Amino acid sequence: MQDASPPPGHDLQYEHAALGLSDAQVLAALRGMIVARTVDDRLWLLSRQGKAHFVITSAGHEATQFGCAWAVQIGRDYVVPYYRDMALVLALGQTPRDIFLHALGKAEDPASGGRQMFGHFNSRALRIVSGSSSVGSHPLHAVGLAWAFRITKETDLAAMTFFGEGATSEGAWHEAMTIAGIHQLPVVFVCENNQYAISVPQAREVPVPDVATKAAGYGMPGMVVDGNDLFAVYAAAQAALARARAGGGPTLLECKTYRLRPHSNADDDRKYRRVEEVDAWRARDPITRLERYALHSELIDPAGLADIRTAVVAEVDVAIAEAERAPNPAIESLLHHLYGE
Amino acid sequence: MQDASPPPGHDLQYEHAALGLSDAQVLAALRGMIVARTVDDRLWLLSRQGKAHFVITSAGHEATQFGCAWAVQIGRDYVVPYYRDMALVLALGQTPRDIFLHALGKAEDPASGGRQMFGHFNSRALRIVSGSSSVGSHPLHAVGLAWAFRITKETDLAAMTFFGEGATSEGAWHEAMTIAGIHQLPVVFVCENNQYAISVPQAREVPVPDVATKAAGYGMPGMVVDGNDLFAVYAAAQAALARARAGGGPTLLECKTYRLRPHSNADDDRKYRRVEEVDAWRARDPITRLERYALHSELIDPAGLADIRTAVVAEVDVAIAEAERAPNPAIESLLHHLYGE
Amino acid sequence: MPQLNLIEAVRSAMADAMAEDARVFVLGEDVGLKGGVFLATDGLLARFGPDRVVDMPIAEAGIVGMAIGASLHGLRPVAEIQFADYIHPAIDQILNEAARLRYRSNGDWHCPIVVRAPFGAGVHGALYHSQSTEALFTSTPGLKVVVPSTPYDAKGLLIAAIRDPDPVIVFEHKQLYRGVRGDVPEGTYTVPLGQAAVRRAGAQISLFTYGLMAHYSLEAAKVVADEGIDVEVIDLRTLYPLDQATILGSVRKTGKALIVHEDKLTGGVGGEISALIAEHAFEALDAPVRRLASPDVHAVAFSDVLEAHFMLNPQKIATAVRELAAY
Amino acid sequence: MPQLNLIEAVRSAMADAMAEDARVFVLGEDVGLKGGVFLATDGLLARFGPDRVVDMPIAEAGIVGMAIGASLHGLRPVAEIQFADYIHPAIDQILNEAARLRYRSNGDWHCPIVVRAPFGAGVHGALYHSQSTEALFTSTPGLKVVVPSTPYDAKGLLIAAIRDPDPVIVFEHKQLYRGVRGDVPEGTYTVPLGQAAVRRAGAQISLFTYGLMAHYSLEAAKVVADEGIDVEVIDLRTLYPLDQATILGSVRKTGKALIVHEDKLTGGVGGEISALIAEHAFEALDAPVRRLASPDVHAVAFSDVLEAHFMLNPQKIATAVRELAAY
Ligand SMILES: Cc1ncc(C[n+]2csc(CCOP(=O)(O)OP(=O)(O)O)c2C)c(N)n1
Ligand SMILES: Cc1ncc(C[n+]2csc(CCOP(=O)(O)OP(=O)(O)O)c2C)c(N)n1
Ligand SMILES: [Mg+2]
Ligand SMILES: [Mg+2]
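Same order as they appear, the protein sequences are chains H, R, E and A. Numbering-wise, my numbering puts 163 at position 163 of the first sequence, and it's gapless, one number per residue. Take any residue in the second sequence, count from 1 to its spot, add 341: that is its number in my numbering. Take any residue in the third sequence, count from 1 to its spot, add 682: that is its number in my numbering. Take any residue in the fourth sequence, count from 1 to its spot, add 1009: that is its number in my numbering.
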């Protein structure tokens, strides 16, 4: 079994003030990440209870996803996510209730009205684009959106798309990168590199140690950041999006991270990851690191943190209860929305 | 219209003796390249006469193709070519008669028995693998062959595959490079960069000035050579194949060249290339350059050259006549070889 | 009214649609300076500029995927796949993405793209420049599949496809590009998707066909008319979803059905039409539903003699009609 | 004889074929340490090593293309596509390359690869883990398409596919992996490709089906038998090329045909079967050929209530049988 050692332990790369972030923003992000993790925990519980048939985790990826979300002009820039991005869509404004409605396949599921498996996030209002499960097929849609901005002459918009490192071996991903590179389109390609494609370790799914290395072949810059460091991700995402909007072209942003749970509730990660490896990464949990930062910077004290956690649990409880009570889709809805009028 | 200026004029990079090539080998290659060009010329004539329905040129690519063929262990290494590679298959041992049988769709056409359009070269005996017309789909077959050598433990074999720079934007090409890179397979990827994909200039078909730049993203070396210099191509191809056979992994070898005719007999290149650009490249014709080298090195004199040209024309005349007389495929053959027994 | 051939009609559809609606743009390989390998986009670059006439790299998934993305922001992309034989790398984007976007998002998004591709044999194109690939697209809800056979329809159907709120695949037969001329109005007009056209009314046999075969079938119908066999020739025009009303109405009238397509027999769209008739017009049938199609080989071979043997022609169709009439 | 479920039978086929023939190897996503997401290859890595049990990057064209290349040097690759829903990126390699290699080279090369993919609904897999994609592969000569319904057949057909000199696609229904058990011999044996199996002889109605629906149809046949309706249930097993002799023979005997498949109605393989019957057994027919299939939507939806409504079941099949019997 392949060893994927964590990067050397360290605190966060930046002070938030230096990045122009307010104390309140940091605390809101911290709370949001705790919400995301709590929702994730409860999804696994719902799965064990037989209520949620499918769960796919974002645990461990929260700093990457919140850091990127901060840099997005919400509702203006397009976001083209993948199944791993639950924390991202929460950061962009979806609610825990939305998430549970989706996971339980309810009529009001904003992603699909109960049609898609969990993890297929969507909101036209938030410009979060509906995806399939086909790995690597969606970055092309971000490229097409960016082409649309060229035609409509909306020079202040960008598209940001997310995928795992495994997806970067798909042909469709290559074509997306190629077109974005040729035309220097305003797309930020975010690779959430958690070092595994389900069970396949990075060495057998991509031919290079840093996915960012691939950028050179597409005529765009590649950046590597510590994906478990909220501020480092934000700084890089902000720079890449600003450059894209300013006509400076696309960026491949690689966020090194780790998923703290199995791939999905159908997976048993003990077959392919050593417990010690998982534990080492747990010690670098992005939420813990942000908490340490907040405490150390005296943005909050331990009691305040405890209050947040209590409030979050209560909030999530309400969301689950509401989602469980919500109606199932009407049977006739099966035949709706095949074609427009 | 985009300008693709030729590289600065210069003589060939190496002395042939320094590469271990005999005088006789050089003269044989020179003759072979003249045969290839003559066959090409005559194919266009057959097309104008309405006898060959489809012609696709290798004119201008002869040094790239002969240089690579020299490095192949013919009949042992596999060659996975594309439609541009007529000079290559001649260098590997196919005859002008084979080429004309193919172009005229005759029963004895060794490529396909009259089934495929011209340019779909094939010979199991020579380990030249039959291809489709789908650009970029075949390098994967070279990768699979290389995997087979791993299983059969034939450590002295390699696969060499050829494609245009346009093909490097296809998803299937990316997947071939990815797999070869991950497993460091004995494959040499030869890009015959003639700077156009039919009418689309390089700047709009690939995102980087040198295709070889892409190699880094696949964990393999990329090399750029003057594709109109027989010896430079040979030296690079030889090194790459030797490295592959020695377990050193794959190489992306970019040969910069230019096609001296339209893409095919269905194309009118005046719509997208300036006459001055074509003329500038005609001045760098790989055959002319090799002739100058041979004269300068006193391997041959002008009279000897004229003799070769006369003999070649006679040889090609015979080949055409034979091919024209050859029988068409039997009608029943339409249903043969759908399935094996 | 101007007389245009089919490729001119296609070009005129795109030019008029682009002139009328700034959201329409075309993309594909060689569509710019070269104007497309069949000249479908000739002159559009000069008129509309490189943002709306986009020369693409050789990346079919990329072409369709980019069209999908642009459509989500409200644009109306018209993608050209250079030959239907090369549509395969884009199949994932067409079937799993474009066709499903509306359904999977419960109507939140939709995907108004058009994908045009030349198809068909008889131009010495051999195995990879001659394929009929329509059957790969006629089992996926959310899509529409269109095959024009006249210049008038080529323009009207293409404009209807561009205005349609959902993805539409348009297969254009290469032999018809220059092989057929007809009246084509200036300016935009539409021919409705989903409606077959009765090209020749007849009482004895319903002949269902499309593309080049619509012309061959009309020729055959003329020949057998002199022998007293009255054939109704129906040009399906839209292969998915099928115009069931017209198909079944015709068979209920004539009692006999012949389906003619250039695609190979097994797995072609003829099977679906035959099954529909069997299910819904069984009692009207006086004879077996017949299919006439190309042999079950991969595509036409290059050699002239093999190509001639492979292709359907009016004579073969007339023979099939006579056999069915005699049943 | 050991009783295995279907996934165990598939695994046993690969293990025995690999033990017997050093040219056989498997490749696919997660086939190594994880043993495949459905455990089809569990234990093979430890037994045969990483050269013959190859964990692949997420690159379906790459998986099939690499298999093709290896087959040209005489190997016998067995590629796994993790879900049939993800076979689309490999369609170009399957249809344009593997299926055509023998034909296009006039028999100089051939391409003995197997591509396995789990398909089918009813496991909460929703739009992208439930698809029936077989119809995309049943119009291409050079290919064979196989769907086993029993553990015995799953092993025998897979070994036959591995030994076959041409490319074979095997679709395995996910619900059957653990939903059915049966006798499976140790060691290698084959079940011939291209032959349907009469699962239940009957006199009144011929029911053609495959995969999970073969089981549901047998259940339905049992139910209606008590009501005096005698159904012949035929498990097609090979969908391309079809076993025409068995299909037509049965209909000539019973005079009535019902085709049942989980794939959506329009464009599914049912159309071809119906057309064959119409063409070759028309005079034997006492009733319209009927098809029972999933609704024409993209695939099953996630919600339990929608999934239940979408799926066929023995009751729905029994109803269709009763209606046809009453015709
Ligand atoms: C085209 C396609 N092939 C295979 C799969 C099955 N699959 C789902 S997730 C996954 C691994 C993806 O790995 P990566 O891209 O690294 O993302 P991660 O899950 O690690 O975040 C695979 C192989 C799929 N969904 N789509
Ligand atoms: C998949 C696919 N798409 C499109 C085509 C049409 N086509 C044939 S050759 C060609 C250009 C190829 O350019 P390049 O790879 O640079 O090779 P060159 O012809 O310049 O040698 C194109 C687009 C094709 N054959 N296959
Ligand atoms: Mg990953
Ligand atoms: Mg080129």
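Heads up, a few of these hints could be off.
Here are the computed distance ranges between Cβ atoms for each label pair [said to hold, decoys possible]:
| no. | chain 1 | residue 1 | chain 2 | residue 2 | range |
| --- | --- | --- | --- | --- | --- |
| 1 | A | 1228 | E | 962 | 24 to 30 Å |
| 2 | H | 73 | A | 1031 | 37 to 43 Å |
| 3 | E | 872 | R | 390 | 42 to 48 Å |
| 4 | R | 663 | E | 935 | 58 to 64 Å |
| 5 | E | 880 | R | 663 | 49 to 55 Å |
| 6 | A | 1236 | H | 93 | 53 to 59 Å |
| 7 | A | 1031 | R | 644 | 55 to 61 Å |
| 8 | E | 962 | H | 73 | 49 to 55 Å |
| 9 | A | 1324 | E | 912 | 54 to 60 Å |
| 10 | H | 184 | A | 1060 | 38 to 44 Å |
| 11 | H | 332 | E | 962 | 20 to 26 Å |
| 12 | A | 1313 | E | 962 | 29 to 35 Å |
Which bits of chain A does chain H cover? Going by a derived footprint, with three or more residues having C-beta under 8 Å, they are [as the list claims (entries may be wrong)]:
| no. | stretch |
| --- | --- |
| 13 | 1034-1042 |
| 14 | 1094-1106 |
Hints were generated in silico from the structure; no laboratory data involved. These figures come from a predicted structure and were not determined experimentally. No residue lacks a Cβ here, since even glycine has one placed at the ideal position from N, Cα and C.
Here's how the hints hold up against the structure:
1. 1228(A) with 962(E): 24 to 30 Å: Cβ of residue 1228(A) to Cβ of residue 962(E): about 28 Å, so the range 24 to 30 Å holds.
2. 73(H) with 1031(A): 37 to 43 Å: 59 Å, violated
3. 872(E) with 390(R): 42 to 48 Å: Given range 42 to 48 Å: holds, Cβ gap about 45 Å.
4. 663(R) with 935(E): 58 to 64 Å: 59 Å, holds
5. 880(E) with 663(R): 49 to 55 Å: Hint holds: Cβ distance 54 Å, inside 49 to 55 Å.
6. 1236(A) with 93(H): 53 to 59 Å: 58 Å, holds
7. 1031(A) with 644(R): 55 to 61 Å: 59 Å, holds
8. 962(E) with 73(H): 49 to 55 Å: Holds: the Cβ-Cβ distance is about 54 Å, inside 49 to 55 Å.
9. 1324(A) with 912(E): 54 to 60 Å: 47 Å, violated
10. 184(H) with 1060(A): 38 to 44 Å: 42 Å, holds
11. 332(H) with 962(E): 20 to 26 Å: Holds, since residue 332(H) and residue 962(E) (Cβ atoms, about 23 Å apart) stay within the stated range.
12. 1313(A) with 962(E): 29 to 35 Å: 33 Å, holds
13. 1034-1042: Coverage by chain H holds here, the residue count being 4 at a Cβ distance below 8 Å.
14. 1094-1106: holds (count 4)
Of the hints listed earlier, those the structure fails to meet are numbers 2, 9, in rising order.
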